[in-house]
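Q: Sequence:
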Amino acid sequence: MPKMDFKPWPVDDAAAALNAALATDDLSRVMATLGTIARAKSMRQVAADTGLGRESLYKSLAPTGRPEFATVLKVLAALGLRLCVVPIEDAR
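Heads up: the sequence shown begins at 100 in our numbering, then just goes up one per residue.
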């Protein structure tokens with residue numbers, strides 16, 4: 100597989116994309132979006148920032164990945180993001 104040249108996403112764009120994916124309630128879409136953003140930053144850098152293995156991050160952040168919640172939080176922090184919870188009625 101050829102190496103793809105990704106450019107890091109601006110943090111506001113990454114947050115908007117993840118919020119849109121989360122709004123779908125589709126876990127595979129959320130994981131695919133998070134994985135795309137992480138690859139754009141450099142999975143090697145995300146692995147270094149999280150203390151997690153690069154290969155395990157590729158697997159965890161695939162559309163079929165099912166990472167532990169702690170992994171998701173570490174990846175978000177490495178990307179300069181965090182989760183925020185709002186009541187469902189406010190989210191619409």
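Simulated from the structure, these hints should not be mistaken for lab results.
Treat the numbers as computed from the prediction; the structure is a model and nothing was measured.
Glycine included, every Cβ here is placed at the ideal spot set by N, Cα and C.
Fair warning: there could be bad hints in the mix.
To be verified - Here are the simulated BS3-like pairs of lysine-lysine, each with C-alpha atoms no more than 27 Å apart in a straight line:
1. 106 x 173
2. 158 x 106
3. 173 x 158
4. 106 x 140
5. 140 x 173
6. 140 x 158
Claimed, not checked - Label pairs and their calculated CB-CB ranges:
7. 181 x 124: 18 to 24 Å
8. 111 x 158: 25 to 31 Å
9. 135 x 185: 36 to 42 Å
10. 188 x 144: 16 to 22 Å
11. 187 x 150: 30 to 36 Å
12. 127 x 153: 20 to 26 Å
13. 135 x 172: 26 to 32 Å
14. 185 x 152: 18 to 24 Å
15. 181 x 155: 19 to 25 Å
Q: Now tell me if each hint is right for this structure.
A: For each hint, the structure was consulted:
{"no.": "1", "hint": "106 x 173", "in the structure": "21 Å, holds"}
{"no.": "2", "hint": "158 x 106", "in the structure": "21 Å, holds"}
{"no.": "3", "hint": "173 x 158", "in the structure": "15 Å, holds"}
{"no.": "4", "hint": "106 x 140", "in the structure": "7 Å, holds"}
{"no.": "5", "hint": "140 x 173", "in the structure": "14 Å, holds"}
{"no.": "6", "hint": "140 x 158", "in the structure": "16 Å, holds"}
{"no.": "7", "hint": "181 x 124: 18 to 24 Å", "in the structure": "20 Å, holds"}
{"no.": "8", "hint": "111 x 158: 25 to 31 Å", "in the structure": "28 Å, holds"}
{"no.": "9", "hint": "135 x 185: 36 to 42 Å", "in the structure": "24 Å, violated"}
{"no.": "10", "hint": "188 x 144: 16 to 22 Å", "in the structure": "38 Å, violated"}
{"no.": "11", "hint": "187 x 150: 30 to 36 Å", "in the structure": "34 Å, holds"}
{"no.": "12", "hint": "127 x 153: 20 to 26 Å", "in the structure": "21 Å, holds"}
{"no.": "13", "hint": "135 x 172: 26 to 32 Å", "in the structure": "18 Å, violated"}
{"no.": "14", "hint": "185 x 152: 18 to 24 Å", "in the structure": "33 Å, violated"}
{"no.": "15", "hint": "181 x 155: 19 to 25 Å", "in the structure": "22 Å, holds"}
Going down the numbered hints, you'll see the structure goes against 9, 10, 13, 14, while the others check out.
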